[in-house]
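Protein sequences appear in the order of chains Y and H.
Just so you know, we're using our numbering here: the first sequence kicks off at 1 and counts up by one.
Just so you know, we're using our numbering here: the second sequence kicks off at 1 and counts up by one.
These aren't lab readings, by the way, just hints derived from the structure by calculation.
What you are looking at is a predicted structure, and each value in this text was computed from that prediction instead of being measured.
Mixed in with the good hints, there may be bad ones.
[What the hints assert, rightly or not] A few chain H residues facing chain Y, derived, Cβ under 8 Å:
(1) G19
(2) F20
(3) V22
(4) K189
(5) L191
(6) K193
(7) L197
(8) S225
(9) V229
[Unchecked claim] Straight-line Cα separation of at most 27 Å, BS3-like style, residue types lysine-lysine; simulated pairs:
(10) Y:K227 x H:K284
(11) H:K271 x H:K243
(12) Y:K303 x Y:K278
(13) H:K227 x H:K247
(14) H:K227 x H:K183
(15) Y:K198 x H:K193
(16) H:K29 x H:K284
(17) H:K90 x H:K6
(18) Y:K6 x Y:K303
(19) Y:K278 x Y:K29
(20) Y:K198 x H:K227
(21) Y:K243 x Y:K278
(22) H:K247 x H:K29
(23) Y:K198 x Y:K90
(24) Y:K189 x H:K193
(25) H:K278 x H:K247
(26) H:K198 x Y:K198
(27) Y:K183 x Y:K6
(28) H:K198 x Y:K227
(29) H:K73 x H:K3
(30) Y:K193 x H:K193
(31) Y:K284 x Y:K247
(32) Y:K227 x H:K227
(33) H:K6 x Y:K198
(34) Y:K193 x H:K227
(35) H:K118 x H:K183
(36) H:K198 x Y:K189
(37) Y:K189 x Y:K227
(38) H:K3 x H:K118
(39) Y:K198 x Y:K243
(40) Y:K271 x Y:K284
Even for Gly, the Cβ is constructed at its ideal location relative to N, Cα and C.
There are 2 protein chains.
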Amino acid sequence: MSKSIKVFSPATVSNVTCGFDVLGFALEKPGDIIVARENASKGAHINQIIGSQNIPIDPLENVATVAANALLKHLGSGAGIEFTLYKNIKPGSGIGSSASSATAAVFATNQLLGTPIKNSFDLLPFAMAGEQIASGAFHADNVAPALLGGFVIVRSNDPLDVIQLGTPPDLYAVVIHPDLQIKTAESRKLLPKQVPLKDVVTQTGNLAGLVAGVLQHDYNLIGRSMKDVIVEPARETTIPGFKELKKAALNAGALGAGISGSGPSVFALCKGATSAQKVLDSMKSAYQNTHIQFDIYLSAINKRGTIEILD
Amino acid sequence: MSKSIKVFSPATVSNVTCGFDVLGFALEKPGDIIVARENASKGAHINQIIGSQNIPIDPLENVATVAANALLKHLGSGAGIEFTLYKNIKPGSGIGSSASSATAAVFATNQLLGTPIKNSFDLLPFAMAGEQIASGAFHADNVAPALLGGFVIVRSNDPLDVIQLGTPPDLYAVVIHPDLQIKTAESRKLLPKQVPLKDVVTQTGNLAGLVAGVLQHDYNLIGRSMKDVIVEPARETTIPGFKELKKAALNAGALGAGISGSGPSVFALCKGATSAQKVLDSMKSAYQNTHIQFDIYLSAINKRGTIEILD
Numbered sequence: 001m002s003k004s005i006k007v008f009s010p011a012t013v014s015n016v017t018c019g020f021d022v023l024g025f026a027l028e029k030p031g032d033i034i035v036a037r038e039n040a041s042k043g044a045h046i047n048q049i050i051g052s053q054n055i056p057i058d059p060l061e062n063v064a065t066v067a068a069n070a071l072l073k074h075l076g077s078g079a080g081i082e083f084t085l086y087k088n089i090k091p092g093s094g095i096g097s098s099a100s101s102a103t104a105a106v107f108a109t110n111q112l113l114g115t116p117i118k119n120s121f122d123l124l125p126f127a128m129a130g131e132q133i134a135s136g137a138f139h140a141d142n143v144a145p146a147l148l149g150g151f152v153i154v155r156s157n158d159p160l161d162v163i164q165l166g167t168p169p170d171l172y173a174v175v176i177h178p179d180l181q182i183k184t185a186e187s188r189k190l191l192p193k194q195v196p197l198k199d200v201v202t203q204t205g206n207l208a209g210l211v212a213g214v215l216q217h218d219y220n221l222i223g224r225s226m227k228d229v230i231v232e233p234a235r236e237t238t239i240p241g242f243k244e245l246k247k248a249a250l251n252a253g254a255l256g257a258g259i260s261g262s263g264p265s266v267f268a269l270c271k272g273a274t275s276a277q278k279v280l281d282s283m284k285s286a287y288q289n290t291h292i293q294f295d296i297y298l299s300a301i302n303k304r305g306t307i308e309i310l311d
Numbered sequence: 001m002s003k004s005i006k007v008f009s010p011a012t013v014s015n016v017t018c019g020f021d022v023l024g025f026a027l028e029k030p031g032d033i034i035v036a037r038e039n040a041s042k043g044a045h046i047n048q049i050i051g052s053q054n055i056p057i058d059p060l061e062n063v064a065t066v067a068a069n070a071l072l073k074h075l076g077s078g079a080g081i082e083f084t085l086y087k088n089i090k091p092g093s094g095i096g097s098s099a100s101s102a103t104a105a106v107f108a109t110n111q112l113l114g115t116p117i118k119n120s121f122d123l124l125p126f127a128m129a130g131e132q133i134a135s136g137a138f139h140a141d142n143v144a145p146a147l148l149g150g151f152v153i154v155r156s157n158d159p160l161d162v163i164q165l166g167t168p169p170d171l172y173a174v175v176i177h178p179d180l181q182i183k184t185a186e187s188r189k190l191l192p193k194q195v196p197l198k199d200v201v202t203q204t205g206n207l208a209g210l211v212a213g214v215l216q217h218d219y220n221l222i223g224r225s226m227k228d229v230i231v232e233p234a235r236e237t238t239i240p241g242f243k244e245l246k247k248a249a250l251n252a253g254a255l256g257a258g259i260s261g262s263g264p265s266v267f268a269l270c271k272g273a274t275s276a277q278k279v280l281d282s283m284k285s286a287y288q289n290t291h292i293q294f295d296i297y298l299s300a301i302n303k304r305g306t307i308e309i310l311d
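When you get a sec, could you build the whole thing from the sequences and use the hints?
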């Protein structure tokens with residue numbers, strides 16, 4: 001039997017209120033799993049996708065194969081690899097579905113080849129190349145936390161500059177994914193082209209506070225800083241019930257809440273699992289009034305990022 | 001002889017490139033010194049100002065007395081206090097001259113009264129009230145680092161939310177003060193009213209990096225993040241020779257450089273005193289070509305803020 005590697009890569013929340021395009025964090029669950037096997041046919045291919053009908057199998061269109069092939073090309077490798085993809089993150093949910101698959105694929109490929117890339121940090125550009133197929137943009141704000149875990153700053157995409165912040169130990173996230181379609185490209189069109197300077201000052205003050213809160217493990221500061229005066233006001237109308245969800249989260253004791261990525265998922269951050277369970281119950285009960293189907297998750301902040309799973 | 005207290009309060013650099021209106025840090029030198037003495041005449045008064053001819057003595061116009069009287073009023077105190085102010089920071093230099101005097105005054109007043117305000121953090125609003133007389137704005141970005149030392153985030157001025165970041169141990173600043181007049185109010189008029197969203201993303205990425213760099217003691221990250229795409233381009237023309245100064249600082253090994261406050265002072269941050277001395281020499285030599293008079297300082301980052309001096 002040929003060699004195989006099984007890899008888990010987590011869902012991620014990007015933007016994180018005031019951190020539009022520059023901040024993200026990883027969840028413990030959900031996450032995609034990829035099994036990569038050596039194969040006689042050169043390049044990366046999809047063998048099977050389990051859990052989703054809507055993902056292209058064509059290696060030129062699938063984020064996992066595009067990412068893996070970018071790595072193989074960089075290495076000058078003629079290896080053949082086939083993937084079985086266990087798709088646990090719904091595409092279009094706003095919690096880094098394509099980033100998870102792309103990251104799992106490059107990580108698995110590197111492992112299968114005997115880790116020619118020694119520092120997994122250096123796998124980022126290949127995962128980004130994969131995710132670009134789905135999102136249209138070459139950005140690291142989902143891929144970097146998916147690969148590295150914890151909170152991550154993307155200071156710059158070009159040249160790539162990614163800073164790991166880790167996470168306060170007792171921080172939990174609640175994420176609700178309403179069954180709605182929001183295209184990232186459409187959601188981008190709602191963004192303001194110009195921002196009043198006073199809003200820039202408010203936003204930068206909050207982002208500085210959020211970064212300090214994460215690094216100083218100051219839960220209260222994290223909560224005070226989770227305010228977005230630029231992007232959330234422009235996008236919140238795309239998610240029916242957003243205001244009610246946010247209110248339900250805050251009333252139940254969440255530190256803060258906002259849109260995950262470009263939506264439709266909405267996330268809240270909480271101090272401790274007990275508080276997070278209360279927030280989950282409150283958001284669930286608020287959203288049941290909308291009659292929109294949803295999934296909801298309670299998760300610690302992921303500290304390890306993408307990992308090999310040893311069965 | 002009546003009781004007296006001698007207090008030192010440091011000069012400060014606000015804005016700090018990408019941290020417009022939200023970030024500041026304190027210098028070891030220069031700094032104003034105030035000697036406060038009990039006096040029979042109710043309220044705070046100026047006895048003497050040493051080192052500057054251009055500062056009002058009227059208690060309603062002097063930042064030190066306005067700040068001290070705000071504190072006395074808050075405390076319901078009928079005490080009489082007279083100040084001798086050793087004005088070592090030139091007014092209008094852009095390194096927190098009025099903030100230093102105001103902060104020294106409230107700190108000295110609180111000491112003289114037997115520290116009725118136990119946590120010096122709570123002296124901030126009174127120092128801000130004093131500085132407001134000079135700057136026209138109720139903001140903490142010079143006063144907070146002057147009082148507390150190190151780097152400080154002003155997340156919000158109203159309600160006041162100030163976060164202490166400390167400083168990397170080996171960080172030094174070089175500050176050059178060209179003998180030019182720039183009014184803060186005039187300099188504010190040059191600011192853009194609207195900012196393109198892509199510049200907001202660049203600026204927030206850099207500020208997040210700068211805050212992380214300060215907290216993680218990552219000197220290289222501090223340097224990479226010291227970029228201002230919003231305010232510096234609008235203001236740099238107010239300082240003849242700014243581009244040359246910045247280039248001279250970076251060429252000599254500075255981590256980064258920018259405008260201090262609204263100018264005309266220009267600062268550079270450096271790793272280590274030896275590097276800072278090279279940067280000072282380089283900036284000095286670059287500025288001698290302009291035939292504009294200047295002062296130049298090399299200083300460690302101040303860790304203690306405003307302190308009582310025991311002779």
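Results of checking the hints against the structure:
1. G19: holds, 7 Å
2. F20: This interface hint holds because 7 Å falls under the 8 Å limit.
3. V22: The hint holds - H:V22 has a Cβ within 8 Å of chain Y, the shortest such distance being about 4 Å.
4. K189: H:K189 check fails; min Cβ-Cβ to chain Y is 12 Å, beyond 8 Å.
5. L191: Nearest chain Y Cβ about 6 Å off; hint holds.
6. K193: Because about 6 Å separates H:K193 from the closest Cβ in chain Y, which is inside the 8 Å limit, the hint holds.
7. L197: holds, 6 Å
8. S225: Hint holds; H:S225 Cβ to chain Y Cβ min 6 Å, cut 8 Å.
9. V229: At about 11 Å, which exceeds the 8 Å cut-off, the nearest Cβ of chain Y leaves the hint on H:V229 violated.
10. Y:K227 x H:K284: At roughly 43 Å apart (the allowed maximum being 27 Å), H:K284 and Y:K227 break the hint.
11. H:K271 x H:K243: Measuring from Cα to Cα gives roughly 21 Å; hence the hint holds.
12. Y:K303 x Y:K278: holds, 23 Å
13. H:K227 x H:K247: Since the Cα atoms of H:K227 and H:K247 sit roughly 13 Å apart, the hinted pair holds (cutoff 27 Å).
14. H:K227 x H:K183: holds, 24 Å
15. Y:K198 x H:K193: Holds. Y:K198 to H:K193 sits at ~8 Å (cutoff 27 Å).
16. H:K29 x H:K284: holds, 18 Å
17. H:K90 x H:K6: holds, 20 Å
18. Y:K6 x Y:K303: With a Cα-Cα distance of about 19 Å, the restraint between Y:K6 and Y:K303 holds, given a limit of 27 Å.
19. Y:K278 x Y:K29: Given that 27 Å is the threshold and the Cα spacing comes to 18 Å, the pair holds.
20. Y:K198 x H:K227: Distance ~19 Å between Y:K198 and H:K227 Cα, so the pair holds.
21. Y:K243 x Y:K278: The hint holds at about 18 Å.
22. H:K247 x H:K29: holds, 24 Å
23. Y:K198 x Y:K90: violated, 38 Å
24. Y:K189 x H:K193: Answer holds: Y:K189 to H:K193 is near 22 Å, not above 27 Å.
25. H:K278 x H:K247: Given pair H:K278, H:K247 holds - Cα atoms ~13 Å apart, limit 27 Å.
26. H:K198 x Y:K198: holds, 16 Å
27. Y:K183 x Y:K6: violated, 30 Å
28. H:K198 x Y:K227: holds, 19 Å
29. H:K73 x H:K3: holds, 21 Å
30. Y:K193 x H:K193: Holds, at roughly 13 Å.
31. Y:K284 x Y:K247: Between Y:K284 and Y:K247 the Cα gap is close to 12 Å, so the pair holds against 27 Å.
32. Y:K227 x H:K227: holds, 24 Å
33. H:K6 x Y:K198: Since the Cα atoms of H:K6 and Y:K198 sit roughly 39 Å apart, the hinted pair is violated (cutoff 27 Å).
34. Y:K193 x H:K227: holds, 21 Å
35. H:K118 x H:K183: violated, 36 Å
36. H:K198 x Y:K189: holds, 13 Å
37. Y:K189 x Y:K227: Judged against 27 Å, a Cα distance of about 21 Å means the pair holds.
38. H:K3 x H:K118: holds, 20 Å
39. Y:K198 x Y:K243: Holds - the C-alpha atoms of Y:K243 and Y:K198 are around 24 Å apart, at most 27 Å.
40. Y:K271 x Y:K284: holds, 18 Å
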